[in-house]
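Asks: Here the structure of chain R is known, so what remains is to put chain P in place on it, guided by the hints.
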Amino acid sequence: MRFKFSLMAIGLEVVMIVLFGLFVEYDIAHQVNATRSPKTDQFLQLYPLFQDVHVMIFVGFGFLMTFLKKYGFSGVGFNLFLAALGLQWGTIVQGLLHDKGQNFHIGIKNMINADFSTATVLISFGAVLGKTSPIQMLVMTILEIAVFAGNEHLVTNIFQASDTGASMTIHAFGAYFGLAVAGILYRPGLRWEHKNEESVYHSDLFAMIGTLFLWIFWPSFNSAIAEPEEKQYRAVINTYLSLVASVIMAYALSSLVERRGRLDMVHIQNATLAGGVAVGTCADMEIPLYAAMGIGSIAGIISVLGYKFLSPLLGNKLMIKDTCGVHNLHGLPGVFGGLASILAIYFGMSAGSSSMAMQAAALGSSIGSAIVGGLATGLILKLPIWDQPPDENCYDDSLYWKVPKVRELDPQFFQHAHHNHLEHEV
Amino acid sequence: MASKYPRSLRCCLPLWAFTLQVAFILLLCFLISSDIPQMQQKFMVTYQVIPDLTLMAALGFGFLSSSFRRHSWSSVAFNLFVLTLGVQWSILLDRFLNHSFIQEVTMSLSSIQTGTMSTVPVLISAVAVLGKANLVQLAVMVLMEASAFGVTRLVIKNTFHVDGHIFTMYGHVFGAYFGLLVAWCLSRSLPRGLDEEAQTEKVQMATSSSLFAMLGTLLLWIFWPSFNSVLVEVPNDKRKAVLNTYYALAVSAVTATSMSALSHPQGKINMVHLHNAVLAGGVAVGAPCLLITSPWVAMVLGLTAGLISIGGAKCLPVCLNHILQIQNPGGIHYTFGLPGLLGAVTYILMNKYGIFELPSQLINDFGALSFVLAMGMASGLLTGCLLTAKVWRAPHTSKYFDDQAFWEFPHLAVGF
Numbered sequence: 001m002r003f004k005f006s007l008m009a010i011g012l013e014v015v016m017i018v019l020f021g022l023f024v025e026y027d028i029a030h031q032v033n034a035t036r037s038p039k040t041d042q043f044l045q046l047y048p049l050f051q052d053v054h055v056m057i058f059v060g061f062g063f064l065m066t067f068l069k070k071y072g073f074s075g076v077g078f079n080l081f082l083a084a085l086g087l088q089w090g091t092i093v094q095g096l097l098h099d100k101g102q103n104f105h106i107g108i109k110n111m112i113n114a115d116f117s118t119a120t121v122l123i124s125f126g127a128v129l130g131k132t133s134p135i136q137m138l139v140m141t142i143l144e145i146a147v148f149a150g151n152e153h154l155v156t157n158i159f160q161a162s163d164t165g166a167s168m169t170i171h172a173f174g175a176y177f178g179l180a181v182a183g184i185l186y187r188p189g190l191r192w193e194h195k196n197e198e199s200v201y202h203s204d205l206f207a208m209i210g211t212l213f214l215w216i217f218w219p220s221f222n223s224a225i226a227e228p229e230e231k232q233y234r235a236v237i238n239t240y241l242s243l244v245a246s247v248i249m250a251y252a253l254s255s256l257v258e259r260r261g262r263l264d265m266v267h268i269q270n271a272t273l274a275g276g277v278a279v280g281t282c283a284d285m286e287i288p289l290y291a292a293m294g295i296g297s298i299a300g301i302i303s304v305l306g307y308k309f310l311s312p313l314l315g316n317k318l319m320i321k322d323t324c325g326v327h328n329l330h331g332l333p334g335v336f337g338g339l340a341s342i343l344a345i346y347f348g349m350s351a352g353s354s355s356m357a358m359q360a361a362a363l364g365s366s367i368g369s370a371i372v373g374g375l376a377t378g379l380i381l382k383l384p385i386w387d388q389p390p391d392e393n394c395y396d397d398s399l400y401w402k403v404p405k406v407r408e409l410d411p412q413f414f415q416h417a418h419h420n421h422l423e424h425e426v
Numbered sequence: 001m002a003s004k005y006p007r008s009l010r011c012c013l014p015l016w017a018f019t020l021q022v023a024f025i026l027l028l029c030f031l032i033s034s035d036i037p038q039m040q041q042k043f044m045v046t047y048q049v050i051p052d053l054t055l056m057a058a059l060g061f062g063f064l065s066s067s068f069r070r071h072s073w074s075s076v077a078f079n080l081f082v083l084t085l086g087v088q089w090s091i092l093l094d095r096f097l098n099h100s101f102i103q104e105v106t107m108s109l110s111s112i113q114t115g116t117m118s119t120v121p122v123l124i125s126a127v128a129v130l131g132k133a134n135l136v137q138l139a140v141m142v143l144m145e146a147s148a149f150g151v152t153r154l155v156i157k158n159t160f161h162v163d164g165h166i167f168t169m170y171g172h173v174f175g176a177y178f179g180l181l182v183a184w185c186l187s188r189s190l191p192r193g194l195d196e197e198a199q200t201e202k203v204q205m206a207t208s209s210s211l212f213a214m215l216g217t218l219l220l221w222i223f224w225p226s227f228n229s230v231l232v233e234v235p236n237d238k239r240k241a242v243l244n245t246y247y248a249l250a251v252s253a254v255t256a257t258s259m260s261a262l263s264h265p266q267g268k269i270n271m272v273h274l275h276n277a278v279l280a281g282g283v284a285v286g287a288p289c290l291l292i293t294s295p296w297v298a299m300v301l302g303l304t305a306g307l308i309s310i311g312g313a314k315c316l317p318v319c320l321n322h323i324l325q326i327q328n329p330g331g332i333h334y335t336f337g338l339p340g341l342l343g344a345v346t347y348i349l350m351n352k353y354g355i356f357e358l359p360s361q362l363i364n365d366f367g368a369l370s371f372v373l374a375m376g377m378a379s380g381l382l383t384g385c386l387l388t389a390k391v392w393r394a395p396h397t398s399k400y401f402d403d404q405a406f407w408e409f410p411h412l413a414v415g416f
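Going down the list, the sequences are from chains R and P. Position one of the first sequence corresponds to residue 1 (the UniProt record's numbering), numbered consecutively onward. Position one of the second sequence corresponds to residue 1 (the UniProt record's numbering), numbered consecutively onward.
Among the clues, some could well be false.
DSSO-like, lysine-lysine: derived pairs with alpha carbons at most 30 Å apart [as the list claims (entries may be wrong)]:
| # | chain 1 | residue 1 | chain 2 | residue 2 |
| --- | --- | --- | --- | --- |
| 1 | R | K382 | R | K195 |
| 2 | P | K240 | P | K157 |
| 3 | R | K4 | R | K405 |
| 4 | P | K42 | P | K157 |
| 5 | P | K42 | R | K109 |
| 6 | R | K4 | R | K402 |
| 7 | R | K195 | R | K308 |
| 8 | R | K195 | R | K402 |
| 9 | R | K231 | P | K42 |
| 10 | R | K231 | P | K238 |
| 11 | P | K157 | R | K405 |
| 12 | R | K195 | R | K405 |
In case anyone wonders, no lab produced these hints; they're calculated from the structure.
The shape of chain R in the complex, shown without the other chains:
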């Protein structure tokens, strides 16, 4: 992949620079004299939230995908690469769509929205993790962000639906897009347990870093593009309560479905975040506190159940192999969030302009465009020119990275091998 990948990436980057040169200008033209114009004020207001979102995208999502035992480098490394590329492309596409092809100015809101658009790619990346080459990921980034920007434009400007925390436009969209791609790219050779598709003790701990970063900053994510002050305030409180409730529920359910009441690390890593995903759409609506916590609890429950029962079904019956289980973390809770927003509007909890029909249309168009776009992207990615890794080299860093010869950090582990035997269950 030496020449193909590098030349493609550099070529794309040059295209980006040219596009930026043609269309994009800074938003600071008129404030030479004014010391504190409203624009600078907004910039300083939103900058901390932008930082939080940035940490979530690069550290949170990156480390969340390090759980595979031999795929940690790729998880973090490609995450950085895709997000950095995606945010440039997202800026361009969103700006062009919003301003009908004119030159446009970028400010802090564009930065936040560009980060959001990369989140969809990272979610889909989770679904195909380990089975694709960087070139395929690169192509997927470009295509997915274009479809995402189109759908988002449709939802916010034409349907005028409310989707502050983007449960539908980012989470559900990204998850179903990824599932569609994974479905097309399905390979019978990977159907049964691949020898590298498992975690080790420390890789799961690394993934926990990602989970915690996402968990901590989720209120910022859901409130970043809400209307200032009161709605942001509401969004933070609702998201926080929902997250808190989903943590407790995730622990309870995980212990319920596993043998002998033990916990499963996969559930803890993912289902604890489901509350943040699900509450996204109605985060800034005037929902009562118990509704926010209820949404979080239910999201935690369906996420764990999805991991336990739905993922094996998807993998074996529907031929969709979802590596990270994004369907359970982003797909189901995202759809649930959309439905919850319809209910919230039905009970008159939204002061906004959106109606139930428009929310439903937004949900439908997000899922529909995700599936159609995903299928098309999947077909393009299936072309044999993108260097897809062979079956036996899936989930393995050494194909793309220079890896140290000895993988385990601590030789002392092997001295205590007698602890490795499984205790017999009663």
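Replies: Then chain P, alone, in the frame of chain R:
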């Protein structure tokens, strides 16, 4: 002889967590209105500090205690569980204790903030108990400790007139001694000598998990100035709090590293000392940080805290383990307990009063401190006795500090 297999939590934990969560939702529904309070300040001013606090509580404390070789998953994940439970219960308690029932109370960002602050003592004591308790026991401990802490706060505020900032800083002492006594009760109920042998191997640290613990330490270290200045209202005082904490932390980091090297025969630095002693300066400077007007005082305090912490880590385990039978593998006693006491005493001595009211004020302040200590110990003892009950299905001694008792390992992978 008890069964060698870990006891099943399958009916116990889900039921307990589910009930608690439903109870919280119902209580919140009836007691706290969802209106947005009148905003005194801009949204960002109030919000900015919350991610910092949550980051310290979830990531910092979670990874701080993850240095045990076979217990890292539980340390991190149980910490998150304790945090979420503690915050919800603290928000509710705050409403019970500080407002009458008819009063309309709104949910605000500051209630999340105080909720997180009052959960910090619980997280500290959870570090002391981790490895010996299961999630059900931890949940009981959270409820008990948060309630005890809330009651203590109420009494301190009304009787001794100590303000919120100082009391929160006393929380380190409260949490540390509460945790120590719970750990003592848990280990006392076992036959003597049995647990030590089982633990020695598992308590040893491993290189990579020590690095994880360093991650937690560093995050705590970085955000400690935010923690010490959260509850300070006056901008000038806030600046003092941040600056003093900053310098005290820097000094205690240097002291910890050098003293750790000095105390080893070959001059080697002990990573475990670093995890704990580096933070001692921040803990010690917490209470008096508003009274200190020049950086050198804070730096001296940081130096003393670092010395005490390393000294404690070197000498105390000997007498604690063998005479009092208190297991303190997480080192909270000399990270939070002793430096917290140092800070509290410094605060009391530095408080400048008029000449005539000196004795009464001094007595009042010492009274407050000893009340906090006494409450911490008494409630810790009570909770510890409660936790030894059979109904909680405590893990078996041979499973102490072992993730296998609590987690599903589909792979039983190499490297564990």
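Asks: Next step is simple, just say for each hint if it's right about the structure.
Replies: Consistency of the hints with the structure:
no.	hint	in the structure
1	K382(R) / K195(R)	holds (23 Å)
2	K240(P) / K157(P)	holds (24 Å)
3	K4(R) / K405(R)	holds (26 Å)
4	K42(P) / K157(P)	holds (29 Å)
5	K42(P) / K109(R)	holds (19 Å)
6	K4(R) / K402(R)	holds (18 Å)
7	K195(R) / K308(R)	holds (21 Å)
8	K195(R) / K402(R)	holds (21 Å)
9	K231(R) / K42(P)	holds (12 Å)
10	K231(R) / K238(P)	holds (28 Å)
11	K157(P) / K405(R)	violated (61 Å)
12	K195(R) / K405(R)	holds (19 Å)
The structure fails to meet hint 11 from the earlier list, while all remaining hints are met.
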